[in-house]
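Visitor: Note that the protein sequences, when read in sequence, are chains A and B. Numbering-wise, the working numbering puts 209 at position 201 of the first sequence, and it's gapless, one number per residue. Numbering-wise, the working numbering puts 161 at position 113 of the second sequence, and it's gapless, one number per residue.
If you are wondering where the hints come from, they were derived from the structure by calculation, not from laboratory data. Treat the hints with caution; some may be incorrect.
Sample of chain A residues at the chain B side, in silico, Cβ under 7 angstroms [what the hints assert, rightly or not]:
hint, residue
1, L41
2, V74
3, Q75
4, V168
5, V306
Partial chain B-side listing against chain A, Cβ under 8 angstroms, derived [claimed, not checked]:
hint, residue
6, N77
7, A89
8, I91
9, L92
10, Y107
11, Y165
12, L179
13, L183
14, L186
15, A222
16, M224
17, I226
18, G275
19, G300
20, S301
21, T324
Glycine included, each C-beta is placed from N, C-alpha and C at the ideal position.
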Amino acid sequence: MIAGLRFIGLRVLRGLLTIWFAVTVTFFLLRLLPGDPVLAVADPTMTEALRQKLLADFGLDQPLSVQYVGYLGQLLQGNMGVSFRQSLPVTEVLMQRLPWTLILTGAAILVTVVLGVPLGVYAATRAKGFADRAIQIGGITAQSLFVPSVGILLLYVFGVVFGWFPIGGAVDPDATGFAATLSMLHHLVLPCLSLVFIQLGSYVLAMRSSLIEVLGEDYVALAKAKGVSPRAVVWKHALRNALLPTTTLVGLQLGTLVGGAVLTETIYAYPGIGRAVYESVGQLDFPVLQGAFVLLAVAVVVANLITDIVYGLLDPRVRTS
Amino acid sequence: MNPSPAAEVATAADELTSSSRTWRAFRRNPLGMGSAVLLLALILVALAAPLIAEYPRGYGHEILSPPSAAHWFGTDDVGQDVFAQVVWGTRISMTIGLAAALLAIVIGLLVGVLAAYFRALDTLLGIVIDLFLSLPVLPLMILIAALAGPSVTTLVVVIAIFSWPEVARLVRSAAMAIVPLPYVSAAKVIGGSPWWIMRRHVLPGVAPVVAISVVLTTSRAVLSEAGLSFLGLGDPNTWSWGTILHRAQQSGSLATAWWSTLFPSLAILLLVVATTLVSVAYNDARNPRTR
């Protein structure tokens with residue numbers, strides 16, 4: 009029990025450290041890199057007096073340390089500044105977008121696990137066979153895919169040529185009730201599949217190698233010797249232990265997944281954080297870019313924390329080591 | 049300055065035969081050899097771009113025409129030849145990829161070896177590496193590239209900043225296995241300076257890991273460059289594979305002209321798959337069990 013609490017406490021501490029690091033890095037980046045925030049809000053031809061007034065308004069005339077403390081305080085209250093282009097608080101802009109990104113990435117993880125685990129098991133039980141070789145090569149290739157390439161290909165084939173799925177947006181604005189839910193799922197298919205494609209390889213390969221390892225253990229041999237059917241040995245005895253490393257993979261892949269979501273949302277005009285990032289790049293809206301990174305970093309850290317704790321609950325060995 | 053001449057000679061001889069054995073095993077792997085040849089071909093295309101195609105600029109007469117004898121990969125929405133774009137894109141994509149990877153490897157090697165050699169530094173450097181690896185890298189690269197202004201230099205530096213921790217992690221774990229070995233202790237006992245020991249005794253041991261890293265980091269850097277350029281953060285004065293996709297996305301031709309996106313996509317895929325297969329083949333060739 010004490011070991012468990014200590015484990016969770018350490019993980020929370022590590023998460024907080026990561027968030028502090030992310031926040032601090034962005035603060036200094038914004039102050040030290042050439043993109044002058046005042047130039048970005050206003051016309052570069054403005055007078056020096058106006059420039060000074062703007063600097064004072066944004067608190068940019070204060071010493072760096074004062075600015076830093078003020079910035080941390082504001083962040084703790086959920087204040088991430090004002091969008092240059094939309095004249096809205098960054099928090100508000102991003103919070104409207106966050107649910108869509110969570111739906112997209114959540115669906116992608118779910119589908120990837122549902123497809124990846126059986127494929128990995130299939131390959132592991134036929135290790136060195138033809139199907140296994142094919143799955144391995146497919147897995148390696150899938151890991152090498154460039155997200156926009158996959159997204160564009162799916163969009164072109166299933167959105168344009170066959171016309172089965174919408175090629176942009178997240179929901180039909182006219183639909184209500186159940187029809188709205190259906191429309192949402194309909195819009196989700198292609199972006200979600202693009203993300204599944206790039207992730208699936210890692211899951212299948214990890215599942216395969218961890219199951220092959222577990223299948224070589226003594227207790228599996230014992231189960232076989234007792235006359236348990238091969239199917240039950242794999243699915244009931246070995247799979248439970250082999251699944252554990254896959255849990256960590258969810259956490260490890262989150263950073264990649266978030267990057268993939270930014271690119272995918274751009275292609276499908278999906279109104280999540282990623283699309284907001286793309287739009288802000290074009291408009292040089294630095295507060296939104298900064299806020300998006302901080303928000304995504306927090307999301308990744310929290311999700312990582314959850315997978316770590318779940319892993320600790322599933323596998324007592326992790327807690328004590 | 050030689051701790052034990054006999055042992056030194058033995059390892060040197062061993063090193064020689066083992067590297068030639070690796071090469072012999074590598075040559076027997078058709079997938080690995082094919083990929084290596086493909087990579088060489090891509091490098092040749094990058095070097096010889098001016099001889100292969102004219103630099104794509106201005107407006108052409110045929111807009112969005114599908115692949116034909118005159119335009120092998122078709123033309124884009126302003127009538128430029130997609131083949132020429134892909135050829136010149138190879139040059140920029142690979143240059144940025146290689147430059148970023150080399151920079152990342154120098155930093156990663158330094159940090160990894162230092163962390164393994166000086167135990168006091170290890171905890172701190174380990175935490176820094178962990179921090180970098182647990183952040184969503186693409187949004188952070190986007191922020192920096194947007195602030196610094198898009199250019200080839202920006203891309204190289206930004207990608208390198210976020211690629212070295214992976215290299216450092218690999219180098220550190222490889223060096224960790226070498227530092228406690230008797231010959232390193234012997235070198236310490238006879239009074240070798242830390243710098244000399246790291247260079248002479250630790251670096252050769254991590255060389256195989258570095259070889260793999262060069263290949264894999266380059267391909268990851270090419271993917272990062274493509275991602276940033278796709279989002280509009282590429283150097284506006286040059287062509288890269290990501291820039292071609294960005295143009296297609298902006299003009300909307302990705303929904304009508306499959307050729308404007310398929311060929312740059314294939315180029316990226318070929319490069320990344322080839323690098324992965326080369327590194328897998330090299331790993332297999334080096335490992336006596338899979339040789």
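Visitor: Now tell me if each hint is right for this structure.
Guide: Evaluation of the provided hints:
1. L41: 4 angstroms, holds
2. V74: 22 angstroms, violated
3. Q75: Violated. Min distance 16 angstroms.
4. V168: 5 angstroms, holds
5. V306: 10 angstroms, violated
6. N77: 14 angstroms, violated
7. A89: With a minimum Cβ separation of about 17 angstroms from chain A (threshold 8 angstroms), the hint on A89(B) is violated.
8. I91: Since chain A brings no Cβ nearer than about 18 angstroms to I91(B), farther than 8 angstroms, the hint is violated.
9. L92: For L92(B), the interface hint is violated, since the closest Cβ of chain A sits about 21 angstroms away, which is over 8 angstroms.
10. Y107: Violated. Min distance 23 angstroms.
11. Y165: Interface hint status for Y165(B): violated (25 angstroms vs cutoff 8 angstroms).
12. L179: 5 angstroms, holds
13. L183: With a minimum Cβ separation of about 5 angstroms from chain A (threshold 8 angstroms), the hint on L183(B) holds.
14. L186: 3 angstroms, holds
15. A222: Cβ of A222(B) sits 20 angstroms from chain A, so the hint is violated.
16. M224: Violated: closest Cβ of chain A sits about 18 angstroms from M224(B), beyond 8 angstroms.
17. I226: At 25 angstroms from the nearest chain A Cβ, I226(B) fails the 8 angstroms test, so the hint is violated.
18. G275: 6 angstroms, holds
19. G300: Cβ of G300(B) sits 10 angstroms from chain A, so the hint is violated.
20. S301: 11 angstroms, violated
21. T324: T324(B) check passes; min Cβ-Cβ to chain A is 5 angstroms, inside 8 angstroms.
The structure shown violates the earlier hints numbered 2, 3, 5, 6, 7, 8, 9, 10, 11, 15, 16, 17, 19 and 20.
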